[in-house]
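Undergrad: Each chain, letter by letter, is given below.
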Amino acid sequence: MSMAKAEKSVTRSAPLTETSFIGWLHKNLFSSWVNAILTFVSLYIIFVVIKSLWIWGVAEAVWVAENRRECFAISKDGACWAGVIIWLENIFYGRYPRDELWRVNLGGLLLILWMAPLWLPRVKDKIFIGLSTVFLYPFLAGYLFAGGDKGIFMQLMVTGAIVCLVGNTVHACIGVFSGGGLPESLLGILGRKDASDANQRNTLLAVLAIAFVLIYALQIGWTVEAVPWTKWGGMFLTLVISGIGITSALPGGIILALGRRSKLPVIRVLSTSFIELFRSVPLITVLFMATTMFPLFMPEGFVLNKLVQVIIAVCLFSACYMAETVRAGLQAIPKGQYEAAHTIGLGYWGMMGLIVMPQALKHMIPNIVGSFIGLLKDTTLVSIIGLFDILGMLRSISQDAPWRGLHKEPLIFGAVLFFIVCFIMSKYSRHLEVKLSAGANR
Amino acid sequence: MAIRNSGEASARVKPKEKFDFFHDERVRSVFYQILTACVVGWLAWYLITNTAHNLEVRGMNTGFGFLSATAGFDTDFKLIEYKPGIGTYGRIFLIGCINTLLVSFLAIIASTILGFVVGVLRLSSNWLVARLSLTYVEVVRNTPLLLQIIFWYVGVFALLPRVKNSLDLSVGAELVFLNNRGLYSAWPIPGDLFWMTSVAFVAAVIGVFILRGWAHKRQDRTGQQFPIFSASVALLVVLPGAIYLLTGSPLDWDLPTLQGFNFAGGASLPPAFLALLIALTFYHAAHLAESVRAGILSVSKGQTEAALAIGLKPSRAMSLIIIPQAMRAIVPPMISLWMNVVKNSSLAIAIGYSDVVALFMQTALNQAGYAVEMVGMTMAFYMFISLSISGLLNIYNKRVQLVER
Numbered sequence: 052m053s054m055a056k057a058e059k060s061v062t063r064s065a066p067l068t069e070t071s072f073i074g075w076l077h078k079n080l081f082s083s084w085v086n087a088i089l090t091f092v093s094l095y096i097i098f099v100v101i102k103s104l105w106i107w108g109v110a111e112a113v114w115v116a117e118n119r120r121e122c123f124a125i126s127k128d129g130a131c132w133a134g135v136i137i138w139l140e141n142i143f144y145g146r147y148p149r150d151e152l153w154r155v156n157l158g159g160l161l162l163i164l165w166m167a168p169l170w171l172p173r174v175k176d177k178i179f180i181g182l183s184t185v186f187l188y189p190f191l192a193g194y195l196f197a198g199g200d201k202g203i204f205m206q207l208m209v210t211g212a213i214v215c216l217v218g219n220t221v222h223a224c225i226g227v228f229s230g231g232g233l234p235e236s237l238l239g240i241l242g243r244k245d246a247s248d249a250n251q252r253n254t255l256l257a258v259l260a261i262a263f264v265l266i267y268a269l270q271i272g273w274t275v276e277a278v279p280w281t282k283w284g285g286m287f288l289t290l291v292i293s294g295i296g297i298t299s300a301l302p303g304g305i306i307l308a309l310g311r312r313s314k315l316p317v318i319r320v321l322s323t324s325f326i327e328l329f330r331s332v333p334l335i336t337v338l339f340m341a342t343t344m345f346p347l348f349m350p351e352g353f354v355l356n357k358l359v360q361v362i363i364a365v366c367l368f369s370a371c372y373m374a375e376t377v378r379a380g381l382q383a384i385p386k387g388q389y390e391a392a393h394t395i396g397l398g399y400w401g402m403m404g405l406i407v408m409p410q411a412l413k414h415m416i417p418n419i420v421g422s423f424i425g426l427l428k429d430t431t432l433v434s435i436i437g438l439f440d441i442l443g444m445l446r447s448i449s450q451d452a453p454w455r456g457l458h459k460e461p462l463i464f465g466a467v468l469f470f471i472v473c474f475i476m477s478k479y480s481r482h483l484e485v486k487l488s489a490g491a492n493r
Numbered sequence: 087m088a089i090r091n092s093g094e095a096s097a098r099v100k101p102k103e104k105f106d107f108f109h110d111e112r113v114r115s116v117f118y119q120i121l122t123a124c125v126v127g128w129l130a131w132y133l134i135t136n137t138a139h140n141l142e143v144r145g146m147n148t149g150f151g152f153l154s155a156t157a158g159f160d161t162d163f164k165l166i167e168y169k170p171g172i173g174t175y176g177r178i179f180l181i182g183c184i185n186t187l188l189v190s191f192l193a194i195i196a197s198t199i200l201g202f203v204v205g206v207l208r209l210s211s212n213w214l215v216a217r218l219s220l221t222y223v224e225v226v227r228n229t230p231l232l233l234q235i236i237f238w239y240v241g242v243f244a245l246l247p248r249v250k251n252s253l254d255l256s257v258g259a260e261l262v263f264l265n266n267r268g269l270y271s272a273w274p275i276p277g278d279l280f281w282m283t284s285v286a287f288v289a290a291v292i293g294v295f296i297l298r299g300w301a302h303k304r305q306d307r308t309g310q311q312f313p314i315f316s317a318s319v320a321l322l323v324v325l326p327g328a329i330y331l332l333t334g335s336p337l338d339w340d341l342p343t344l345q346g347f348n349f350a351g352g353a354s355l356p357p358a359f360l361a362l363l364i365a366l367t368f369y370h371a372a373h374l375a376e377s378v379r380a381g382i383l384s385v386s387k388g389q390t391e392a393a394l395a396i397g398l399k400p401s402r403a404m405s406l407i408i409i410p411q412a413m414r415a416i417v418p419p420m421i422s423l424w425m426n427v428v429k430n431s432s433l434a435i436a437i438g439y440s441d442v443v444a445l446f447m448q449t450a451l452n453q454a455g456y457a458v459e460m461v462g463m464t465m466a467f468y469m470f471i472s473l474s475i476s477g478l479l480n481i482y483n484k485r486v487q488l489v490e491r
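Keeping their order, the protein sequence lines are chains A and B. Our numbering runs 51 ahead of the 1-based position in the first sequence. Our numbering runs 86 ahead of the 1-based position in the second sequence.
It is possible that part of the hints are untrue.
Unchecked claim - The calculated lysine-lysine pairs, modelled on DSS-like cross-linking and capped at a C-alpha distance of 27 Å, are:
hint	chain 1	residue 1	chain 2	residue 2
1	B	K387	A	K386
2	A	K78	B	K387
3	A	K314	A	K177
Unchecked claim - Some chain A residues judged to face chain B by a derived CB distance under 7 Å, without partners named:
hint	residue
4	N86
5	I335
6	M340
Simulated from the structure, these hints should not be mistaken for laboratory data. Note that the structure is a prediction, hence the values are computed from the model and not measured. The beta-carbon is built from N, C-alpha and C at its ideal position, and this holds for glycine as well.
Use the sequences and the hints to build the structure in full.
TA: Here's what the structure looks like:
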């Protein structure tokens, strides 16, 4: 190769129009006179909005007051945040007994503790952790929130949940610090590392049984006061309803989507009509149907409370929407994948469970997160049929005697709250999208 | 075994496959279908018998006879004649459906226009404009629609001035008033000869179509272009306008006038309607804006470059090359968004606008108590609308597919 050509060309800095601030301004804001006008109009809009929001919401706002009249006395053109601040606990927990709030908080903390390993590197068996969250956590949390006497079923479920939680947490800690897992460490401690597979399995099962019995004995004495569902409310209730809706939407949606794509005509027709029925009517009519018609559906003397009716309605509704999301994912899987799965001798469930569904779900993660956000927002509809979810609580501030007529501030507070949660979730889903498609874009 | 005998096996005729009853695919598929049908059938039977039994025990009325019974309650917003004590429940259902369709129709038009504008602004080369529209989209999309509707109602329309101090939106002409009781506007009353103006307008529309056809043909033949747009606008304005003036302006205006505590005359819209319309418009426009943006971005850059390379003006490139292709990606989500507008208009119940859910499924149900029939009819109404709209979508998809290679 000619050495002369390899000589470095003179390095020139980028032109000023690309690097300097003025250059940026010229390119992005004032490239033509139309753009310049648009810029000034936008600047004016931003100025007016921010200025009035600042004056109303911060500068002139009243933060501490006894009632709305006092707010007016202090400042006439400012927001009266005092009402929202006094109601803050109600907005978050509804009428949950104030001495028992720790249970709600503990329930939330346990969920975080349970799910945290899913995001930690080097932790193995994430599928098991995820599944145990879906199937066992609801029982533990359900007992924490509702309280009262545990039946034998609840005793077993709560025990199982606690065993799982402890096991998961230890497993995750071992995973993060040493890269191993709980089973191996246990076998190491017990000196059974070199035993046969069957032997090892029996040892682990024995440890599990001992732990189960131990925790069962411990939890018998642990009861918490019963809190009727009518006292649940606020953001807590919103999260409970949407949480249950979200966790049941995925399995329900997968079954319905498989049914809709099934080769068996009866199953296909049934799934399709079920999905289309719920997708073509508004959620509010489904909720009304739940509250007016479910009591008629049940055998005489069997009464479902309103919360359960609403949760069933939300689950059916969200499963049908999820089914369409999953179906779109299934359609995106190339036919070769199905054929390859058949070729290596997998049956229908093997093909779907091992080959097709994992890919389809991975494809659809952003959309799934999107429908979760949608469900979280839609859950506010339960306030229309008389449950005091977060919106119901925000609305009832204006009915409270000292704060009568205080409409705007609570609603804006709620909007900000929803915005923060939903915005973070949607940004996270976009991040996931990029991360998951990294492999495909190599 | 198979390997050892392979030589023999190939020589022999392939043995008839043994029919394994339990592992045969066809038998299994029939079995699973029968099983599903039985389970679903049993469930349906169980629910129906329970319902029938419960209805009987509670002494609730059944059947659709109530539709011709008179309803004793009034509604504040109706487009067709109805009087409490004379009108029937069937009429109430009709009023509800019309009210739902009216607000949805207006919201669909307004949100489609706003959505396209914001979607294009999102792609503006002006950094500030793009950011501003992004902020609007994110804020509106990440807060619940119900909260927005209630906010518009109690936070904006309920705080408007009282009737006495109404805002005059027509700047002093006293044609359109806005106050906390709603919007009051002048309403035209056509005179005797007004039909001639209408006929002229229809004729102008037909004329525009003929003109377009002629202009296209001429361009195909000679390459000469014809200013279709300005000619059409001129035709549409001049012809009906001339007839209108020639027949002596046969249009009277029913003006809203302050009488006692409220306005009389003209047309009026209640604040709940306005709040619902505005909230639906802003919410769905934000969603549509994202679809529009994605649709425009989905047209590859090569298309623009190719269009410019064959000598089209940028505006022609946009209207002839980019937009038709972008529409293919925009229209399907847009139509399902229209469906959402119709469904979401049911949130009217939260602010007391008499749509089909509030009027029929709540008020009428509380009054008459035909739970199964009324819930069924309301759901059937929404299903009918959704099926019609998705039929529209299918027709469009078929047409677009034909254009594709």
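Undergrad: Against each hint, give a clear statement of whether it holds in the structure.
TA: How the hints compare with the structure:
Taken as a hint, the K387(B) and K386(A) pair is broken in the structure, with Cα atoms around 30 Å apart against an allowance of 27 Å. This hinted pair checks out: K78(A) and K387(B) have alpha carbons roughly 21 Å apart, not beyond 27 Å. In summary, the hint linking K314(A) to K177(A) is not supported, as the alpha carbons are separated by about 33 Å, beyond the 27 Å threshold. Proximity of N86(A) to chain B holds as hinted, the smallest CB-CB distance being about 5 Å (cut-off 7 Å).
Interface restraint check: I335(A) against chain B, minimum CB-CB distance 5 Å, threshold 7 Å, status holds. About 5 Å separates the beta-carbon of M340(A) from the nearest beta-carbon of chain B, less than 7 Å, and the hint is met.
The structure fails hints 1 and 3 (numbered hints given earlier, in ascending order).
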